[in-house]
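**Q** Listed in order, the protein sequences are those of chains Z and W. Residue 1 is where the first sequence starts when you use the working numbering, and the numbers rise one by one after that. Residue 1 is where the second sequence starts when you use the working numbering, and the numbers rise one by one after that.
Each hint can be trusted.
Example chain W residues on the side facing chain Z (calculated, C-beta under 8 Å, incomplete):
hint, residue
1, T4
2, L7
3, W11
4, V14
5, S21
6, V48
7, S58
8, L61
9, A66
10, L76
11, L81
It is worth saying that the hints were derived from the structure and are not from the lab. All C-beta atoms in this analysis are idealised placements derived from N, C-alpha and C, irrespective of residue type, glycine included.
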Amino acid sequence: MSAGAEAMRRGASANDSDSEVGLWLFLASEVMFFGLLFYGYAITRITHPLAFAEASAHTDVLLGTINCVLIFTSSLTVALAARCLRTGARRASLRLLAATWTLGFLFLAVKCYEYDVDVANHLVPWGRFAFHGGLAAGERMFFFMYFVMTGAHAVHLIVGLGILAAMVVGVARGRYTEHNSEAVELAALYWALVDTVWIFLYPVLYLVHRP
Amino acid sequence: MTSTLRLIGVWLAVMALLGLSLGTAYLPMGRYNSIVCVTLAFIQALLVWTFFMRLRWSGLLVRLIAMVGLLWLLLLLGLSLTDYLTRHTIAS
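The following block holds chain Z by itself, in its conformation from the complex:
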């Protein structure tokens, strides 16, 4: 019997705690929040396809890809951290949580460096803008979406770093153990959602048109 059918057979509340259900409701509302940003992106891209292709080629695909590697790896380490705590391997869990925090911090550092390069290249749509041709209006729209979407993602990541730091302290002090691992499990879920958002941001911002 597949795991899915097994869960169905056991019924609705077989292994969903109230806090897990609550967090998933929050995550579903987060999907709506980011979904609207992606919708805004979609309609501006539909109305300015050439400008989006042209502007996207000016994003830094190397830094974007490095950040993919960092954040994809961090969602592995956080999933492993939750698993280790569940099974009682508290020291391993602590190390994995600290590794996740470090990977998240490195992501943020790369993103800040990238913003700095973007500003130096006059890619910020308000102020003196790098593009002046016939596509400039659409190119402004692309970089407006780029800053809003990556900015909203970065805010979520900073919140996630705060939560992870609390988890590191909690596990180190013995507050979260194999008998009380739910907070770490929920933190891991939130972190994985932040990772999911980047999974979609990467192709739509960095890979639109690579000549």
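Keeping the supplied structure of chain Z fixed, place chain W upon it in accordance with the hints.
**A** Showing chain W alone in chain Z's frame:
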């Protein structure tokens, strides 16, 4: 141990899909570039939600919330896009 190895396997798959996504972006496929990249992103997200977020082992209620969240999003985007996709304005 096996479940740790499974998580590492999922991570390797996500990384392989990232490589594929980046690689195909440099192939001249016109509009199919974006379709391929976004499809690969959906597969990556599915892997993350199924294994890292443990939906595979979740109960019915959590699965329902996750699926309904996605369903509403697709309805919202799909129905809204019918407007923009059927307009005949001159694109820049």
